[in-house]
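Undergrad: One point on numbering: in full-length UniProt numbering, the residue at position 126 of the sequence shown is 126, and numbering is uninterrupted.
In case anyone wonders, no lab produced these hints; they're calculated from the structure. The structure displayed is predicted, hence computed values, not measured ones. Some hints could be false.
[Unchecked claim] Here are the simulated DSS-like pairs of lysine-lysine, each with C-alpha atoms no more than 27 angstroms apart in a straight line:
#1 LYS326 <-> LYS371
#2 LYS477 <-> LYS503
#3 LYS443 <-> LYS495
#4 LYS386 <-> LYS326
#5 LYS4 <-> LYS20
#6 LYS386 <-> LYS495
#7 LYS503 <-> LYS480
#8 LYS477 <-> LYS495
#9 LYS371 <-> LYS443
#10 LYS495 <-> LYS480
#11 LYS226 <-> LYS201
[Claimed, not checked] So the derived label-pair ranges between C-beta atoms look like this:
#12 ASN370 <-> ASP268: 18 to 26 angstroms
#13 MET243 <-> ARG290: 39 to 47 angstroms
#14 GLY235 <-> ARG472: 21 to 29 angstroms
#15 LYS480 <-> PRO133: 56 to 64 angstroms
#16 ARG466 <-> GLU344: 49 to 57 angstroms
#17 GLY388 <-> PRO133: 39 to 47 angstroms
#18 ALA474 <-> THR506: 41 to 49 angstroms
#19 ASP197 <-> ASP467: 41 to 49 angstroms
#20 ASP338 <-> ASN237: 37 to 45 angstroms
#21 ALA458 <-> MET1: 23 to 31 angstroms
#22 ASP28 <-> HIS174: 46 to 54 angstroms
#23 PRO123 <-> THR276: 28 to 36 angstroms
#24 GLU414 <-> ASP270: 42 to 50 angstroms
Ideal Cβ positions, reconstructed from N, Cα and C, are used throughout, including at glycine.
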Amino acid sequence: MENKGIGSWATRRRVKSAGKTAFIFNDDITTYDEFYVQVNQLAHALRGAGVSSGTRVAYLGENHPSFLVTFLATTQIGAIFVPLNTRLAPAEVSYALDDSGASLLVHSSALAHLAVQGSAGMPLRLVQADGDPHEAGATTLAGFTEGTSAEFIDEPVQLRDPALILYTSGTTGHPKGAVLTHENFLWNTFNAIVDFDITSKEMSLMISPLFHVASLGMGALPMLIKGGTIVLEAGFNPERALMLIEKYGITMLSGVPTTYQMMCEHPDWDTTNLSTVHHMTCGGSAVPARVLDAYESRGLAFTLSYGMTESSPGATSMPPAYSRAKAGSSGLPHYFVDMRIRAEDNTEAPVGEVGEIQLRGPNVIAEYWNKPEASRDSFVDGEWFKTGDMGYVDTDGFLFVADRIKDMIISGGENIYPAEIEQIIFELDGVTGAALIGVPDDKWGEVPWAILTMAGGASVTLEQVRDHLTNRVARYKMPKNVIVIDEFPRTASGKIRKAELRKRFT
Numbered sequence: 001m002e003n004k005g006i007g008s009w010a011t012r013r014r015v016k017s018a019g020k021t022a023f024i025f026n027d028d029i030t031t032y033d034e035f036y037v038q039v040n041q042l043a044h045a046l047r048g049a050g051v052s053s054g055t056r057v058a059y060l061g062e063n064h065p066s067f068l069v070t071f072l073a074t075t076q077i078g079a080i081f082v083p084l085n086t087r088l089a090p091a092e093v094s095y096a097l098d099d100s101g102a103s104l105l106v107h108s109s110a111l112a113h114l115a116v117q118g119s120a121g122m123p124l125r126l127v128q129a130d131g132d133p134h135e136a137g138a139t140t141l142a143g144f145t146e147g148t149s150a151e152f153i154d155e156p157v158q159l160r161d162p163a164l165i166l167y168t169s170g171t172t173g174h175p176k177g178a179v180l181t182h183e184n185f186l187w188n189t190f191n192a193i194v195d196f197d198i199t200s201k202e203m204s205l206m207i208s209p210l211f212h213v214a215s216l217g218m219g220a221l222p223m224l225i226k227g228g229t230i231v232l233e234a235g236f237n238p239e240r241a242l243m244l245i246e247k248y249g250i251t252m253l254s255g256v257p258t259t260y261q262m263m264c265e266h267p268d269w270d271t272t273n274l275s276t277v278h279h280m281t282c283g284g285s286a287v288p289a290r291v292l293d294a295y296e297s298r299g300l301a302f303t304l305s306y307g308m309t310e311s312s313p314g315a316t317s318m319p320p321a322y323s324r325a326k327a328g329s330s331g332l333p334h335y336f337v338d339m340r341i342r343a344e345d346n347t348e349a350p351v352g353e354v355g356e357i358q359l360r361g362p363n364v365i366a367e368y369w370n371k372p373e374a375s376r377d378s379f380v381d382g383e384w385f386k387t388g389d390m391g392y393v394d395t396d397g398f399l400f401v402a403d404r405i406k407d408m409i410i411s412g413g414e415n416i417y418p419a420e421i422e423q424i425i426f427e428l429d430g431v432t433g434a435a436l437i438g439v440p441d442d443k444w445g446e447v448p449w450a451i452l453t454m455a456g457g458a459s460v461t462l463e464q465v466r467d468h469l470t471n472r473v474a475r476y477k478m479p480k481n482v483i484v485i486d487e488f489p490r491t492a493s494g495k496i497r498k499a500e501l502r503k504r505f506t
């Protein structure tokens, strides 16, 4: 086979997993045999529409089988897949489509209006993935692939060829398109299989969006290469998630702390059978102690992780056995990842001392799309990727993430890493969100303020926050003010826009 990339996976898996379920979506089953046919038919349709090696094909939609069908069909013919965040505004969709140079956009029926707005004035074709045509003359995926061949197209695709462009939702400026190769994803998949002990018997619940690299790279692709089953959900609802875990005997799921918190606080939590679950991955931020307690009371432990789009995304993971002993840590580097902590002068930071986290490995990108300067500036010593995150390792090599370099607060010459304080504040009852920002101060240069969101009916005072932090952090790290707001300004991927908070409150 000449195709070494992801686009060959459905073909390589077809006979090995003949008759086995690949996806379940709204109780509809797609077998690996059917997946093979769907991928190949779309590959032929794309090629017939002028898509070829290097062409960009975009996708705008929530979790749906057509996402993975489009990804594999696109890469089967050497084209590049461009998944778009469904929370983007029309102007942001336009930017990604224009910057990537996409020639075709596959979109869900629910987002037809956004697809039309975002692609206005652009010479690209729209294909609706599901449902009836949103307007007269609209092309549907079923119509687009009707009558096409189901034979595999053995395009010569190499592992180092681009597979996907994923736009990072930066907190300032235009997003950058990270170019992930087939090799990046393959090695990331190996890391997941090795460190998470993934088998073909897994039943994985995908409640996080596939357009995020964590869900795609750590969840879906390891399932496809091993021949497991993916239960796809278009959105997250805690009641439904608990129901699906019991109904299908879910063995694996991934999410963010809020996801897990909403499930364990739901009335159905105590009565849901969770006995089949053996692996839960959590990233994004630290898990509050009360959430850890709730899951441990059910015999469950988290695999905490750290990563980013540029590492496909796996960088580190926490073995569940260490979740208490190494509380607050993001774990050890994945099996095929190298990590180091560097001081400001790029020398090695001593154990326990905060510095920049730098990564190296076959899962790490080599470039950003159309941004050669940003690509060059992102690496040091040739192949070490500068994450822009601050952290330290302990004597056992476990990583503790401090914060983003740009979010660090310097007060009276002392460095304050907001994530450390935010994690402790999050323990307070009723706190649903916390962001520590630096506010200008005549005496200290900057002082920390805590911006919080609270559950309905809950309240908190500055004194309560400071009392909770007493004897746990240095006094200079304690907030000098507490402000409660209704909701945080966020990027399309859910990150808090701290720059906006600083502008608003300073």
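Undergrad: Now look at each hint and say whether the structure bears it out.
TA: How the hints compare with the structure:
no., hint, in the structure
1, LYS326 <-> LYS371, "38 angstroms, violated"
2, LYS477 <-> LYS503, "21 angstroms, holds"
3, LYS443 <-> LYS495, "31 angstroms, violated"
4, LYS386 <-> LYS326, "25 angstroms, holds"
5, LYS4 <-> LYS20, "23 angstroms, holds"
6, LYS386 <-> LYS495, "19 angstroms, holds"
7, LYS503 <-> LYS480, "17 angstroms, holds"
8, LYS477 <-> LYS495, "22 angstroms, holds"
9, LYS371 <-> LYS443, "41 angstroms, violated"
10, LYS495 <-> LYS480, "24 angstroms, holds"
11, LYS226 <-> LYS201, "9 angstroms, holds"
12, ASN370 <-> ASP268: 18 to 26 angstroms, "48 angstroms, violated"
13, MET243 <-> ARG290: 39 to 47 angstroms, "23 angstroms, violated"
14, GLY235 <-> ARG472: 21 to 29 angstroms, "37 angstroms, violated"
15, LYS480 <-> PRO133: 56 to 64 angstroms, "58 angstroms, holds"
16, ARG466 <-> GLU344: 49 to 57 angstroms, "31 angstroms, violated"
17, GLY388 <-> PRO133: 39 to 47 angstroms, "44 angstroms, holds"
18, ALA474 <-> THR506: 41 to 49 angstroms, "23 angstroms, violated"
19, ASP197 <-> ASP467: 41 to 49 angstroms, "43 angstroms, holds"
20, ASP338 <-> ASN237: 37 to 45 angstroms, "39 angstroms, holds"
21, ALA458 <-> MET1: 23 to 31 angstroms, "58 angstroms, violated"
22, ASP28 <-> HIS174: 46 to 54 angstroms, "38 angstroms, violated"
23, PRO123 <-> THR276: 28 to 36 angstroms, "49 angstroms, violated"
24, GLU414 <-> ASP270: 42 to 50 angstroms, "45 angstroms, holds"
In summary, the numbered hints that this structure violates are 1, 3, 9, 12, 13, 14, 16, 18, 21, 22 and 23.
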